[in-house]
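Participant: First to last, the sequence lines map onto chains P and D.
Terminal number for the first sequence in this note's numbering: 1408, no gaps in between.
Terminal number for the second sequence in this note's numbering: 1408, no gaps in between.
Read the hints as simulated data drawn from the structure, not as lab findings.
Bear in mind that the values here come from a model prediction, so they are computed numbers and not experimental data.
Any given hint could turn out to be false.
Heads up, the list lumps identical chains together, so a pair's fine if it works in one copy or across two of them.
Claimed, not checked - Calculated pairs, PhoX-like style, for lysine-lysine (alpha carbon to alpha carbon, straight line, at most 20 angstroms): (1) Lys1093 / Lys1110; (2) Lys1009 / Lys1158; (3) Lys1149 / Lys1009; (4) Lys1005 / Lys1158; (5) Lys1149 / Lys1325; (6) Lys1200 / Lys985; (7) Lys1260 / Lys1149; (8) Lys1056 / Lys957; (9) Lys1390 / Lys1292; (10) Lys1110 / Lys1070; (11) Lys1359 / Lys1149; (12) Lys1009 / Lys1260; (13) Lys1061 / Lys936; (14) Lys1181 / Lys1250; (15) Lys1137 / Lys1056; (16) Lys1203 / Lys1218; (17) Lys1260 / Lys1200; (18) Lys979 / Lys1137; (19) Lys1149 / Lys1292.
Given next are the chains, with one letter for each unit.
2 protein chains.
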Amino acid sequence: MDYCGWRSLRQWVQFKWLLVFSLLLVSALLLQIFKTLKESQEYLRKSDSPPPFALKLLSQEEIRKLFNYNGLWLFPQKQCECEKQPGNYIFQEFYNESELEAVKIRRKAEFEHFQRREGLPHPPPVLAQPNIPFGYPIHGVEVMPLHTILIPGLKFDGTKISLYKVTLKASLGTLNTLADTPDNEVLGRGQKQLSILTPSQNHLNFILKHVTYTSTIYHSGAVDIVSIEFGSSVAKFPVHVNQPTIPKLFDPGPERKLRDLVTIATKTFLRPHKLQILLKSIREYYPDVTVIVADDSEKPEKIDDIYVEHYIMPFGKGWFAGRNLAVSQVSTKYVLWVDDDFLFTETTKIEALVDILEKTELDVVGGSVSGNVFQFKLLMEQGEDGDCIHKRSGHFQALDGFPNCVVTSGVVNFFLAHTESLQKVGFDPRLQRVAHTEFFIDGLGSLRVGSCSNVIVKHQAHNKPSDPDQAALEKAYSVFRTNTQNQFKFKMALHYFKNHLQCYTQR
Amino acid sequence: MDYCGWRSLRQWVQFKWLLVFSLLLVSALLLQIFKTLKESQEYLRKSDSPPPFALKLLSQEEIRKLFNYNGLWLFPQKQCECEKQPGNYIFQEFYNESELEAVKIRRKAEFEHFQRREGLPHPPPVLAQPNIPFGYPIHGVEVMPLHTILIPGLKFDGTKISLYKVTLKASLGTLNTLADTPDNEVLGRGQKQLSILTPSQNHLNFILKHVTYTSTIYHSGAVDIVSIEFGSSVAKFPVHVNQPTIPKLFDPGPERKLRDLVTIATKTFLRPHKLQILLKSIREYYPDVTVIVADDSEKPEKIDDIYVEHYIMPFGKGWFAGRNLAVSQVSTKYVLWVDDDFLFTETTKIEALVDILEKTELDVVGGSVSGNVFQFKLLMEQGEDGDCIHKRSGHFQALDGFPNCVVTSGVVNFFLAHTESLQKVGFDPRLQRVAHTEFFIDGLGSLRVGSCSNVIVKHQAHNKPSDPDQAALEKAYSVFRTNTQNQFKFKMALHYFKNHLQCYTQR
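Produce the entire structure from the sequences given, and follow the hints as far as they go.
Facilitator: Written as structure tokens, this is what we have:
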């Protein structure tokens, strides 16, 4: 090598070291890349995974083995089905063929009105895209109609640039910010579109932190999808316009007397002697609890009890009409339903049922009638032309904190309930004779039901009375009480139209 | 300069050009930086904005000028207030001082039970953080209890690395995926925690696209917050466990006869002669529409009309008890409420009211009583110790498509309503004598109310009847009808406890 003097020599030496250093750096990088590749290769080798393009789903068979409950496959399907077997019903079959087409048209129209009022079907879910430089609320922001709220969680954390332009848009309300800003930094205050234009990300985030939403239309139940944009990044979030349901609380009074907490309700028809026996047994344990009696007998008999309220209905108006009437007159927090042929004993502890409803979120808790709890579950599958409903005996799960109790869908006709909840569901006056499950079907989605085996009422014996008048009444009663073919057909057709159901299975 | 031979010369030339090139590059960069700074400076100068550290909110004064409606400032506050002036009421003042403390304790306990059952207060909103590399649903995913759904929108778009580890967690349900994967690529199938371990982002996204959620506890109304994690990035989204309310549809029948669509309901007390006049006027225009009469007179008089259903109540049981009873017996889609001293005329077109409810999402539509529509709005402010309720005459907005109609909160006692909606709210049997607004307060959050001025019913004249029996009855009636001081006090105290209200203002 030529050394061309002191200057050249130093340059050369420096250059040589620079070269050596660069080579070392490059070698280190290459080594790291090689290591990573080797790791991945080893992992791939270990797992024996297929080449990256084989994306397949589990087979239909394997999927059918998952997601089962009580023998029902509870997974989204277009259509639901009911197995054809005795005891299972396809509801449209209970209409005369000549009228069925017209019925289908009317049912469709009524269902559309119902859906419109309920805001159904719900719009598709709002999806967030990845890597959006915004923070925002995804769930849970509520505003009362015509009120204003602060939107929580709005922030921007994106690329640092010289000028930030962020736009917010709403449809059912207007936007503003509590930040005090120069005129042209925030445009559209109090409008449906709010634009922020600022060079400072600090300013931007301060403005966003204090954004307000004002509901402008009195429409409870509406959902406004508000958007926030920056360049091509858009995030959307829901604002629920909702007038909360006003509470309807009941004062239990300073001594929490049972008569201020519970009203007993019953319906009677052509069995005044049985009713008298029931009342006498109630009074043995509960001398002053109000009893409401709905009576559609032909010749209602006077009831001599100052704590009984007696309501006279048109003759034979009906079973569920009477139930609905009795419950409509209750002014205590809880109502205890009993049939007019029950018999209270020392195991009929209303206080125990009160305790369960006071401590849980249940709406209804059933007891036991002579050892029979009659618990059943109702499972629903949705379908295009109506839902499929499946009744299965038993319960869903234990009731936390109450070892004798479970959570279910339906119980016996001996239950304590929140008066409010019962009134909300109601007993359909069209069900005139035999009916029971229908109430719990109507309660689907509204009632949380429990059942306890340790609070027991007895059934009066079914002996034929010696008194000839009473015997005559009981004979008349049993005629009304028979579940005739016509009544059965009526109830099946009612499920088709009223509840928009397709079919029913039971086990 | 020394040129030390050919080699040194070439090196020198190359070095010189390298130097020149570097200098040019650096100059260009410096120029760009300078330009940007200048732009920002110009912008800052233009807007006269304060230095970047001055972040301030609008003054309290300026904020109070915003967000007003009908003179009420509808913005979140800890406490609400009612102006002290005649006609405005603070409800706790209607309790005796000696009992008030105990009442407050009981009211608090009942309110807590109510909140527990309603899932209130709602948990704070779920906030999404910026720049999370996930796509996910932010709102609108629902599953029926014990059912399974596919979670829409799950995807990953983050840094490319050799091995992706993504974990999903649920609390009220279990997770799985329909993707068919090798054993160790997905762990925890059917558990509350699902772990995905894969080197391929394609595989990861395929697995995520087919993630399923299975509800495992029968608890309608619960919200499960599901999380998805990758390293330190966590996204959360809600899954609503909900049993939809089953429909309760009414068949209008093949001819849409009014008697299959509407039932007229009324309550009568000591005014059988007025009731007869009403019924006669109804029959002039509607010969076969069912009329339900709830009667708590001392000696109820027989009604000779095959389409009237007459219900006898305990004497003087009360106004709202009777209203609740009558409505409990309706089995048509709509119920028309009338007072027993109204008079139908040719302007009393029930069909017009039916048309409005059929075509809108309203629950109730009021008409006009001799020109009086009595429309009023109810606005609510929330407060820690109870809400403040403000009654203002008038309406919120016009009703789209119906020029004679508006949206409001309360109307006259002449209205058509969805039977279901009326039964859900109910008429409180504790309101025995004078009451009207109470029903609409109870309906807050449940009823959507409209009012139309073009469907008119008349009021029977208030002349004293010539018949001495009738005159005697009317005299007795007017005694019951007087809003006594005690009744007024009772109603105010009832608002305090039952509706958890603090106070009331009116204008």
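Participant: Name the hints, by number, that the structure is in violation of.
Facilitator: Those not satisfied are hints 6, 11, 17 and 18.
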